[in-house]
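Construct the complete structure from the given sequences, taking the supplied hints into account.
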Amino acid sequence: MPEKTEKQIVFDKVKDTPPLAVSLYTMDYNKTGSWRNVRPVIDYEKCTGCMTCWKFCPEPAIDAEKYEEDGKEKYKPVIDYEYCKGCGICWVECPVEGAIYTEEEGE
Amino acid sequence: MRKVMIGNHALSYGAKISRAQVIPAYPITPQTEVVELLSEMCANGEMDAKFIKVESEHSAMTASIGASATGARVFTATSAQGLALMHEVLHWAVGARTPIVMGNINRAMAPPWTIWTEQTDSLAQRDTGWMQLYAQNSQEVLDSVIQAYKVAEAVQIPAMVILAAFVLSHTSEAVELPEQGKVDEFLPPYEPEYRIDPANPHAFGGLTGPDGYFELRYQIQKAIEDSLPKWDEVGREFGELFGRKYGLIETYKVEDAKNLIISSATLASTARTAVDALREKGEKVGLLRIRVFRPFPSAQIRSILSSVDRAVVVDRNISFGASGIFYQEVKAAVYNEKNPPPIFGVIAGIGGRDVTKKDIIDIYEDIMRMDEPKSDIIWKGVRL
Numbered sequence: 001m002p003e004k005t006e007k008q009i010v011f012d013k014v015k016d017t018p019p020l021a022v023s024l025y026t027m028d029y030n031k032t033g034s035w036r037n038v039r040p041v042i043d044y045e046k047c048t049g050c051m052t053c054w055k056f057c058p059e060p061a062i063d064a065e066k067y068e069e070d071g072k073e074k075y076k077p078v079i080d081y082e083y084c085k086g087c088g089i090c091w092v093e094c095p096v097e098g099a100i101y102t103e104e105e106g107e
Numbered sequence: 001m002r003k004v005m006i007g008n009h010a011l012s013y014g015a016k017i018s019r020a021q022v023i024p025a026y027p028i029t030p031q032t033e034v035v036e037l038l039s040e041m042c043a044n045g046e047m048d049a050k051f052i053k054v055e056s057e058h059s060a061m062t063a064s065i066g067a068s069a070t071g072a073r074v075f076t077a078t079s080a081q082g083l084a085l086m087h088e089v090l091h092w093a094v095g096a097r098t099p100i101v102m103g104n105i106n107r108a109m110a111p112p113w114t115i116w117t118e119q120t121d122s123l124a125q126r127d128t129g130w131m132q133l134y135a136q137n138s139q140e141v142l143d144s145v146i147q148a149y150k151v152a153e154a155v156q157i158p159a160m161v162i163l164a165a166f167v168l169s170h171t172s173e174a175v176e177l178p179e180q181g182k183v184d185e186f187l188p189p190y191e192p193e194y195r196i197d198p199a200n201p202h203a204f205g206g207l208t209g210p211d212g213y214f215e216l217r218y219q220i221q222k223a224i225e226d227s228l229p230k231w232d233e234v235g236r237e238f239g240e241l242f243g244r245k246y247g248l249i250e251t252y253k254v255e256d257a258k259n260l261i262i263s264s265a266t267l268a269s270t271a272r273t274a275v276d277a278l279r280e281k282g283e284k285v286g287l288l289r290i291r292v293f294r295p296f297p298s299a300q301i302r303s304i305l306s307s308v309d310r311a312v313v314v315d316r317n318i319s320f321g322a323s324g325i326f327y328q329e330v331k332a333a334v335y336n337e338k339n340p341p342p343i344f345g346v347i348a349g350i351g352g353r354d355v356t357k358k359d360i361i362d363i364y365e366d367i368m369r370m371d372e373p374k375s376d377i378i379w380k381g382v383r384l
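As given, the protein sequences belong to chains Y and S, one line each in that order. Under this note's numbering, the first residue of the first sequence carries the number 1, and numbering increases by one thereafter. Under this note's numbering, the first residue of the second sequence carries the number 1, and numbering increases by one thereafter.
Don't take each hint at face value.
Mimicking EDC-like on lysine to aspartate or glutamate, the simulated pairs with C-alpha atoms at most 20 Å apart in a straight line are [unchecked claim]:
1. Y/Lys76 with Y/Glu45
2. S/Lys222 with Y/Asp12
3. Y/Lys15 with S/Asp211
4. Y/Lys15 with S/Glu193
5. Y/Lys13 with S/Glu88
For each label pair, taking beta carbons as the anchor points, the in silico distance ranges come out as [what the hints assert, rightly or not]:
6. S/Phe214 with Y/Leu24: 55 to 63 Å
7. S/Arg302 with Y/Phe56: 53 to 61 Å
8. S/Ile196 with Y/Glu103: 32 to 40 Å
9. Y/Lys13 with S/Ala110: 44 to 52 Å
10. Y/Asn30 with S/Arg302: 46 to 54 Å
11. Y/Thr102 with S/His58: 52 to 60 Å
12. S/Tyr218 with Y/Tyr44: 32 to 40 Å
13. S/His58 with Y/Glu97: 31 to 39 Å
14. S/His87 with Y/Asn30: 24 to 32 Å
15. Y/Tyr75 with S/Asp226: 16 to 24 Å
16. S/Gly206 with Y/Tyr101: 52 to 60 Å
17. Y/Tyr44 with S/Asp48: 48 to 56 Å
18. S/Thr356 with Y/Lys13: 54 to 62 Å
19. Y/Leu24 with S/Pro111: 47 to 55 Å
Some chain Y residues near chain S, calculated using beta-carbon distances under 10 Å [to be verified]:
20. Val10
21. Phe11
22. Val14
23. Thr17
24. Ala21
25. Val22
26. Ser23
27. Leu24
28. Tyr25
29. Thr26
30. Ile79
The hints are simulated quantities; they were obtained by calculation from the structure and are not laboratory data. Backbone N, C-alpha and C fix where the C-beta goes; we use that ideal spot for every residue, glycine too.
Put into structure tokens, the structure is as follows:
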């Protein structure tokens, strides 16, 4: 995957506009974190690193962070609050009771 | 090679010979044979294509859009209620500029449940931006699928190839199958400028505000306008390669015609035999068949109507509260001309009621006795 870009392209005239609604880069400039009113939080004491939340997250809002443990390569989910909209899908899909909990935004 | 086939199979062979790569489809009478044959040809390896079974026509079209957005050549087919269920995503296919080619079998809308032919199902989709082509025989169906891909991919607008239920869809005719090598030369692989590609991510169809949407819509209109000369060019080029020439319209005995019958699809074929019979009686009559309805060939129609005394449009469709739909469009095309001829609008053959050569002769003779069009609808064949 290419690097995330924060560049937003604004088309001036018809001749500069692509024929279809297509971004010339990824939509990473669109930081959807400001939409959030419920904040999911991962309790790493309970998280098993199954990555179910990472698979279900509909935005680039959960990153898979690589680390080593006992000489093995492992992953853990890390929420990127710049993009997390607070949809709650990760919290619903998490198979471990309490591994993801939610807080009201601003608490 | 000549092969006897029904109109529906002419659509299937058209898709095969155009090397369609993805076919998401849902069966509906009277379209079923189209996708039945395609699914067989995908399963037995005759076609190098993926057949996707879906749970509805809405899904058939959404899968078509997704596949086309990756750069695949996509074919699907439907009819009536199925087309209506696709309505939302027909707009999406145009906005996403995915040049899908779809067969539609003209079937009257329910209720009451019916399966016989009428054009109101496809004409109700006229403002979605899909190009629409009404074929008159199975050969034209097959040839038109190939041409539709060529035009659609050039302007990035989807196209419907439309045929009458049963009259064409289930009638067997001898059809010339073009050579694959020559079709490949005529229709090279589809190479879109923008496509879904995980190695080069873009957002497609993302939220666009008033600062961007207008220009995208303007471009759709320009693209469809650009397709007007393309339909004629592609039809001419097809004629040079395969010996059968096509265009936006087809004219028959119009050179010295004083009066004109205007129609479309299989009704126009019947009207041609009526023209011959009327000519034998000494009538100076000609036929104008509108093959491509979207884009509407206004300039060609204006040019032909400029030299006639009167014209009658025979519609197998109705826009409730207005009139026949081809009639409205023909009138609108000539309204700003200096001295447009009187144009009469006849509605016939609704719900598949038969329209015979004698019916067309009667229609013509009736309107020749009238001084002027007194209403927007002259009913033919309804039991009043």
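Each hint tested on the structure:
Restraint check for lysine 76 of chain Y and glutamate 45 of chain Y: the C-alpha separation of about 12 Å stays at or below 20 Å, so the hint holds. The hinted pair formed by lysine 222 of chain S and aspartate 12 of chain Y meets the criterion: a straight-line CA distance of about 18 Å does not exceed 20 Å. Straight-line distance between C-alpha atoms of lysine 15 of chain Y and aspartate 211 of chain S comes to about 15 Å, which keeps the hinted pair within the 20 Å bound. For the suggested pair lysine 15 of chain Y and glutamate 193 of chain S, the alpha carbons sit about 15 Å apart, so the restraint of at most 20 Å is met.
With a CA separation close to 28 Å, the supplied pair lysine 13 of chain Y and glutamate 88 of chain S exceeds the 20 Å bound. The hinted range of 55 to 63 Å is not satisfied by phenylalanine 214 of chain S and leucine 24 of chain Y, whose Cβ atoms lie roughly 19 Å apart. Taking the beta carbon of each, arginine 302 of chain S and phenylalanine 56 of chain Y are about 58 Å apart, inside 53 to 61 Å as hinted. Separated by about 36 Å at the C-beta atoms, isoleucine 196 of chain S and glutamate 103 of chain Y satisfy the suggested range of 32 to 40 Å.
Our hint of 44 to 52 Å for lysine 13 of chain Y and alanine 110 of chain S holds, since their Cβ atoms are close to 47 Å apart. Hint check: asparagine 30 of chain Y to arginine 302 of chain S, Cβ distance near 48 Å, so the stated range 46 to 54 Å holds. Restraint check, threonine 102 of chain Y to histidine 58 of chain S: a C-beta distance of roughly 34 Å breaks the suggested window 52 to 60 Å. Remark: the range hint 32 to 40 Å for tyrosine 218 of chain S to tyrosine 44 of chain Y is contradicted by a beta-carbon distance near 52 Å.
In this structure, histidine 58 of chain S and glutamate 97 of chain Y meet the distance hint of 31 to 39 Å, their C-beta atoms being roughly 38 Å apart. Checked against the hint of 24 to 32 Å, the C-beta distance between histidine 87 of chain S and asparagine 30 of chain Y comes to roughly 30 Å, which is consistent with it. Range check, tyrosine 75 of chain Y to aspartate 226 of chain S: about 51 Å between beta-carbon atoms, so the 16 to 24 Å window is missed. Taking 52 to 60 Å as the suggested C-beta distance range, the pair glycine 206 of chain S and tyrosine 101 of chain Y does not conform, at roughly 32 Å.
A hinted range of 48 to 56 Å for the beta carbons of tyrosine 44 of chain Y and aspartate 48 of chain S is consistent with their spacing of about 50 Å. For the pair threonine 356 of chain S and lysine 13 of chain Y, the supplied restraint of 54 to 62 Å holds, since their beta-carbon distance comes to about 56 Å. Taking 47 to 55 Å as the suggested C-beta distance range, the pair leucine 24 of chain Y and proline 111 of chain S conforms, at roughly 49 Å. Proximity of valine 10 of chain Y to chain S holds as hinted, the smallest CB-CB distance being about 8 Å (cut-off 10 Å).
Of the supplied interface hints, the one on phenylalanine 11 of chain Y holds, with its beta-carbon coming within about 7 Å of a beta-carbon of chain S, less than 10 Å. Among the interface hints, the one on valine 14 of chain Y holds; its C-beta lies about 5 Å from the nearest C-beta in chain S, closer than the 10 Å criterion. Look at threonine 17 of chain Y: its Cβ gets to within about 5 Å of chain S, closer than 10 Å, so that hint holds up. Restraint check, alanine 21 of chain Y versus chain S: the minimum CB separation of about 5 Å is within 10 Å; hint holds.
With a cut of 10 Å, the hint placing valine 22 of chain Y at the interface with chain S holds, because the nearest CB-to-CB distance is about 5 Å. Hint status for serine 23 of chain Y relative to chain S: holds, with the closest Cβ pair at about 4 Å, below 10 Å. The beta carbon of leucine 24 of chain Y is positioned within 10 Å of a beta carbon in chain S (closest approach about 7 Å), and the interface hint is therefore held. For tyrosine 25 of chain Y, the interface hint holds, the least distance from its beta-carbon to any beta-carbon of chain S being 7 Å, beneath 10 Å.
Proximity of threonine 26 of chain Y to chain S holds as hinted, the smallest CB-CB distance being about 5 Å (cut-off 10 Å). Because the smallest distance between the Cβ of isoleucine 79 of chain Y and any Cβ of chain S comes to about 21 Å, over 10 Å, the interface hint for this residue is violated.
Comparing the model with each numbered hint stated earlier shows that hints 5, 6, 11, 12, 15, 16, 30 do not hold.
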